[in-house]
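Q: Starting from the structure of chain S, add chains Y, B and R where the hints point.
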Amino acid sequence: MPFQLGADKLLGLDRAAALVPDGALVALGGGLSARLPMALVRELVRQRRRGLHVVGSAHGIDVDLLVAAGAIAVCEESYVGFEQDLGLAPAYRRAAEAGSVEVRESCCATVLAQLRAAECGLPFMPVRGVKGSDIRSLHPEYGEVTCPFTGETLVAVPPLCPDVALLHAPLGDRRGNLHLEQPYVLDERFAAASRAVVATVDELVSTDAVVAAGVTVPAHLVAAVAEVPYGAHPTSCYPRYAYDRPHLAEYVRAATAGGADLAGYLDRYVTGAPTEEAYRKVVGEDRLAALGRWSESTAAWQELFA
Amino acid sequence: MPFQLGADKLLGLDRAAALVPDGALVALGGGLSARLPMALVRELVRQRRRGLHVVGSAHGIDVDLLVAAGAIAVCEESYVGFEQDLGLAPAYRRAAEAGSVEVRESCCATVLAQLRAAECGLPFMPVRGVKGSDIRSLHPEYGEVTCPFTGETLVAVPPLCPDVALLHAPLGDRRGNLHLEQPYVLDERFAAASRAVVATVDELVSTDAVVAAGVTVPAHLVAAVAEVPYGAHPTSCYPRYAYDRPHLAEYVRAATAGGADLAGYLDRYVTGAPTEEAYRKVVGEDRLAALGRWSESTAAWQELFA
Amino acid sequence: MNFSLDEWFVVALARTIRDREVVFHGFGSPCAQVAMHVARHTHARDMLLVEGATYAVNPDPPFVPPTGNDLALQQGAPYRMRFEEFFDAAVRGDVDRMFLSGGQIDAYGNTNVTAIGPVSAPKVKLGGGGGGCNLAATIGHLTLWTTRHRSGRALVERCDFVTDMGHRTPEGSRAELGFTGGGPEWLVTELGVFDYDAGGRARLRQLFPDVGVEDVRAATGFEVGVAPDLRPVPPPGTAELAVLRAADPLGVRRSEFSARDLERTFTHGHRPGCGC
Amino acid sequence: MNFSLDEWFVVALARTIRDREVVFHGFGSPCAQVAMHVARHTHARDMLLVEGATYAVNPDPPFVPPTGNDLALQQGAPYRMRFEEFFDAAVRGDVDRMFLSGGQIDAYGNTNVTAIGPVSAPKVKLGGGGGGCNLAATIGHLTLWTTRHRSGRALVERCDFVTDMGHRTPEGSRAELGFTGGGPEWLVTELGVFDYDAGGRARLRQLFPDVGVEDVRAATGFEVGVAPDLRPVPPPGTAELAVLRAADPLGVRRSEFSARDLERTFTHGHRPGCGC
Numbered sequence: 005m006p007f008q009l010g011a012d013k014l015l016g017l018d019r020a021a022a023l024v025p026d027g028a029l030v031a032l033g034g035g036l037s038a039r040l041p042m043a044l045v046r047e048l049v050r051q052r053r054r055g056l057h058v059v060g061s062a063h064g065i066d067v068d069l070l071v072a073a074g075a076i077a078v079c080e081e082s083y084v085g086f087e088q089d090l091g092l093a094p095a096y097r098r099a100a101e102a103g104s105v106e107v108r109e110s111c112c113a114t115v116l117a118q119l120r121a122a123e124c125g126l127p128f129m130p131v132r133g134v135k136g137s138d139i140r141s142l143h144p145e146y147g148e149v150t151c152p153f154t155g156e157t158l159v160a161v162p163p164l165c166p167d168v169a170l171l172h173a174p175l176g177d178r179r180g181n182l183h184l185e186q187p188y189v190l191d192e193r194f195a196a197a198s199r200a201v202v203a204t205v206d207e208l209v210s211t212d213a214v215v216a217a218g219v220t221v222p223a224h225l226v227a228a229v230a231e232v233p234y235g236a237h238p239t240s241c242y243p244r245y246a247y248d249r250p251h252l253a254e255y256v257r258a259a260t261a262g263g264a265d266l267a268g269y270l271d272r273y274v275t276g277a278p279t280e281e282a283y284r285k286v287v288g289e290d291r292l293a294a295l296g297r298w299s300e301s302t303a304a305w306q307e308l309f310a
Numbered sequence: 005m006p007f008q009l010g011a012d013k014l015l016g017l018d019r020a021a022a023l024v025p026d027g028a029l030v031a032l033g034g035g036l037s038a039r040l041p042m043a044l045v046r047e048l049v050r051q052r053r054r055g056l057h058v059v060g061s062a063h064g065i066d067v068d069l070l071v072a073a074g075a076i077a078v079c080e081e082s083y084v085g086f087e088q089d090l091g092l093a094p095a096y097r098r099a100a101e102a103g104s105v106e107v108r109e110s111c112c113a114t115v116l117a118q119l120r121a122a123e124c125g126l127p128f129m130p131v132r133g134v135k136g137s138d139i140r141s142l143h144p145e146y147g148e149v150t151c152p153f154t155g156e157t158l159v160a161v162p163p164l165c166p167d168v169a170l171l172h173a174p175l176g177d178r179r180g181n182l183h184l185e186q187p188y189v190l191d192e193r194f195a196a197a198s199r200a201v202v203a204t205v206d207e208l209v210s211t212d213a214v215v216a217a218g219v220t221v222p223a224h225l226v227a228a229v230a231e232v233p234y235g236a237h238p239t240s241c242y243p244r245y246a247y248d249r250p251h252l253a254e255y256v257r258a259a260t261a262g263g264a265d266l267a268g269y270l271d272r273y274v275t276g277a278p279t280e281e282a283y284r285k286v287v288g289e290d291r292l293a294a295l296g297r298w299s300e301s302t303a304a305w306q307e308l309f310a
Numbered sequence: 007m008n009f010s011l012d013e014w015f016v017v018a019l020a021r022t023i024r025d026r027e028v029v030f031h032g033f034g035s036p037c038a039q040v041a042m043h044v045a046r047h048t049h050a051r052d053m054l055l056v057e058g059a060t061y062a063v064n065p066d067p068p069f070v071p072p073t074g075n076d077l078a079l080q081q082g083a084p085y086r087m088r089f090e091e092f093f094d095a096a097v098r099g100d101v102d103r104m105f106l107s108g109g110q111i112d113a114y115g116n117t118n119v120t121a122i123g124p125v126s127a128p129k130v131k132l133g134g135g136g137g138g139c140n141l142a143a144t145i146g147h148l149t150l151w152t153t154r155h156r157s158g159r160a161l162v163e164r165c166d167f168v169t170d171m172g173h174r175t176p177e178g179s180r181a182e183l184g185f186t187g188g189g190p191e192w193l194v195t196e197l198g199v200f201d202y203d204a205g206g207r208a209r210l211r212q213l214f215p216d217v218g219v220e221d222v223r224a225a226t227g228f229e230v231g232v233a234p235d236l237r238p239v240p241p242p243g244t245a246e247l248a249v250l251r252a253a254d255p256l257g258v259r260r261s262e263f264s265a266r267d268l269e270r271t272f273t274h275g276h277r278p279g280c281g282c
Numbered sequence: 007m008n009f010s011l012d013e014w015f016v017v018a019l020a021r022t023i024r025d026r027e028v029v030f031h032g033f034g035s036p037c038a039q040v041a042m043h044v045a046r047h048t049h050a051r052d053m054l055l056v057e058g059a060t061y062a063v064n065p066d067p068p069f070v071p072p073t074g075n076d077l078a079l080q081q082g083a084p085y086r087m088r089f090e091e092f093f094d095a096a097v098r099g100d101v102d103r104m105f106l107s108g109g110q111i112d113a114y115g116n117t118n119v120t121a122i123g124p125v126s127a128p129k130v131k132l133g134g135g136g137g138g139c140n141l142a143a144t145i146g147h148l149t150l151w152t153t154r155h156r157s158g159r160a161l162v163e164r165c166d167f168v169t170d171m172g173h174r175t176p177e178g179s180r181a182e183l184g185f186t187g188g189g190p191e192w193l194v195t196e197l198g199v200f201d202y203d204a205g206g207r208a209r210l211r212q213l214f215p216d217v218g219v220e221d222v223r224a225a226t227g228f229e230v231g232v233a234p235d236l237r238p239v240p241p242p243g244t245a246e247l248a249v250l251r252a253a254d255p256l257g258v259r260r261s262e263f264s265a266r267d268l269e270r271t272f273t274h275g276h277r278p279g280c281g282c
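So the protein lines, in turn, are chains S, Y, B and R.
Take any residue in the first sequence, note its place counting from 1, add 4, and you have its number in this note's numbering.
Take any residue in the second sequence, note its place counting from 1, add 4, and you have its number in this note's numbering.
Take any residue in the third sequence, note its place counting from 1, add 6, and you have its number in this note's numbering.
Take any residue in the fourth sequence, note its place counting from 1, add 6, and you have its number in this note's numbering.
The set of hints was computed from the structure by calculation and includes no laboratory data.
The C-beta atom is built at its ideal place from N, Cα and C for all residues, glycine as well.
It cannot be assumed that every hint is accurate.
Keeping only pairs whose Cα atoms sit at most 25 angstroms apart, straight-line, the calculated SDA-like set for lysine to any residue is [to be verified]:
#: 1; chain 1: B; residue 1: K129; chain 2: Y; residue 2: L142
#: 2; chain 1: B; residue 1: K129; chain 2: Y; residue 2: A77
#: 3; chain 1: Y; residue 1: K285; chain 2: Y; residue 2: V209
#: 4; chain 1: R; residue 1: K129; chain 2: S; residue 2: D265
Where chain Y lies over chain R, by a calculated footprint (3+ residues, C-beta under 8 angstroms) [claimed, not checked]:
#: 5; stretch: 52-65
#: 6; stretch: 92-103
Next comes chain S alone, as it looks inside the complex (with noise of 0.2 angstroms):
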């Protein structure tokens, strides 16, 4: 919101990303390791974005690598992490011991309320739970409601509209029509409720082409597109890559020994790489071609997660 009627949204991923200005709060689509705007971390961090704060639901390395650089200000997430497989987010685990990032954790039930408030122009949203949780400690914003009904006391929280919602989708058109794959996780709500999408697609096709596989996010809540191949590495965006597990070790190990390792990562990954194209070299064609072998056998699929 508001519509957003332009015909032709496409962009260079670093003038997409330029759209987000410092300070910006910003949604971060998919969730744990799949489907996450990448590119557009990647280009944020080249452009040495500050001041962030970032919403949304469980996150991975999008948030982590953002906080490794210093990007973010205030993270709003319910989970940040690398499961039980990599285990804790590394760079934000420190900054948050540290207080260099004020930790807000919020609870996806409750940012889908506040999203909600926010899609239907209303002031505040009722909830449920949240009581008895210590969560609420770390939200001062939220406020109570007494039912006119049942006389019920319940926790009310504020409408949540972000500035700007990075998504990535596997194809979209020039429009701005993209078509994601489930889970959407809070794409759908991120792109009503935002006040501008930016998007990243592996691929852009013609219109009719997003329409016969679905529109997902139609092009009237999309401020921007920009093309980019494995746009989500090292996550993964079905059907076209598995997400890359010995590349998140990789980044774990890295994040964890912080310092020269961490710095080494980001030169060679994300500031030393000064291109997507750059950035799909040193990842290796052949690598990002093999996670997209995951649908030739159920063999070959467990191969690229042993």
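A: Chains Y, B and R in isolation, oriented as in the chain S frame:
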């Protein structure tokens, strides 16, 4: 809600309709003259159902026929009629003017807010509009709530949990998975907010076939499903058949005349046609087949409506 | 060039749409429906057209059918909104214009589509308001219309029942009720075109050439203010008429007019200020 | 028949599921994830299984991958819920059971997945609670688990931070807060199985055979109540082990256990009360 975990929910139309008790709060799926649950409506008339409280968005012959048969006590639709083309709903209008049906006319957006309250387990939902409209005078159950953040006073509406939602779909399986074509209107919301969903499908197919077409309403929200070809006739159920405008015109003429004409329609098409097989015979298989020819050409499609 | 009143009327409706607006019509509104397609293919090519009962975005229907919820109205649409998706967008203020009619329309643009006479025992029970009682509060601008002005029953001093709020009701003004939408901007009838003055009352701005101010006064239940620059309704352009006739081969728009008004035809040549 | 502790542990989790329940697990929970598939293919064939981060309904994954949001976990699912569709169902009370773990779990089943030490300056910043702080309020029953009981840091008298409410917090009991969900029903650890007494405190019900009550007391930060009918954990059945091994060929469940516990293996023959 609650979820229905049975593996076989296939019933005959008579037993499916029997799940709607006298006096039930009934949500009607579809909208205007599209995908209305007409086979269930006719069966409810055959079973002499009484005292129903119907809720929905914009409806037509479904509500008018139930009113004509004396099945409805309270009508809470946002619109009942035949649009500019065939005009006011004759039986509904007559009953409303005579006071034999209680009119609690509502608004699509308010009904949506009430269904969402039910869907989210909330005891109320704030709404933006309604103030300034006399619609509010028809709803003493509405309240007010003050926003804890802005101090603004908003109308508050209670949750709407229909006892039964009656839906018609072109395709479904015996577990209750339903495929619908857009517009879904409120069918998805009804399915989640109602205590039970009773559905008819034009064709019963395998689960794989519904999955291939796309599951719109999942089995766990559906209590019963009956297979009734042309179960939405005389309204449309694309891609299978367009609406039967001449039949609607015939109904509107009979219902406007009332008395013997209306009784004649009911006898010919409903009470005198003890089953839907009989109904289809009276309507004529040729006529029904013709409604499927909309897709042959634009000319053929227009002819159906001329 | 020859054209009929119903065609001119639809073009007058179309011209209330500005380019790059997000525009919606309610169901049972063939004139508004056709007008939106006329606008989108003439002066408002970048508008976002939301088909009333299908929520299809920018469709190119092969024809306008007699019912508003038909697949024909979704043909060629790159996207179909969900019901809740449209209502949420409208309620949060992302829809710029809605076309709205009524059995009664009062001086402040309040509309009644619920009941003539007391709602508890109506003289006539009308169809109902659909989503209007919320949409009218938040959508940017409203274009009102009626094709029954001449009847004397359509434009009234006060509606028997206010289904959708205009600029002011006994409860107060839009501002006092905290509504974000601008309310009625235009009222198009088969006699002429009204806008709204600073006080929110309808004001006659344009007349069809076969109608006089006295005809309007005689047919109107409220006192008719007249704009100092009262002018004839600008005639339709050839492009507008061509799009209109192609969009509505079944002539569903004509179902809104009385037999008498359907007989009104006009001719004009190329004069200054002619749109064709 | 031979089996390892991680296998027995997962079977113990699976047995907390009743047939015809609607069951959900959070992400980063391989043991719970595998347990749900074991239950659905043995004693709870009519349960509705909602895959944690994909919201897929009753999938049959070819394998359980190391990440919770992967297409493998949607294979064979007739339906995938939307994010909001699942959360709405859970918040309105249509989900019967959720598996929940925590870096800290206290006597009342409150869990902490947010921070060890003061949240303003944590000693350890944990990952976060996902949707738990609302889900824990309304889902019918919670099965809690930890594989780090022995560490002495997992089961504590009081959580440094309560992310997800158990039976009682300083704010009050579930009833006092108006929560509709029943709260923690079981707590499964690598040492044994707890239920909850009338006061909402954890109570030891079952022990793994290589563990004694004193081991449990030594590892537990709160006073351990012991059920009068304390018994060994019933051994896994052959069917359960077969399903488990087929469902988790990559052994992702093992990532939750310490090296020491991964070495714990068991053998048993056919004795009364044996499930195999």
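Q: Take the hints in turn and mark each one as holding or not.
A: Hints and how they fare:
1. K129(B) / L142(Y): holds (17 angstroms)
2. K129(B) / A77(Y): holds (20 angstroms)
3. K285(Y) / V209(Y): holds (24 angstroms)
4. K129(R) / D265(S): Holds, at roughly 23 angstroms.
5. 52-65: The restraint on the stretch 52-65 of chain R holds, since 4 of its residues have a Cβ under 8 angstroms from chain Y and three suffice.
6. 92-103: holds (count 6)
Hint compliance for this structure: no hint is broken.
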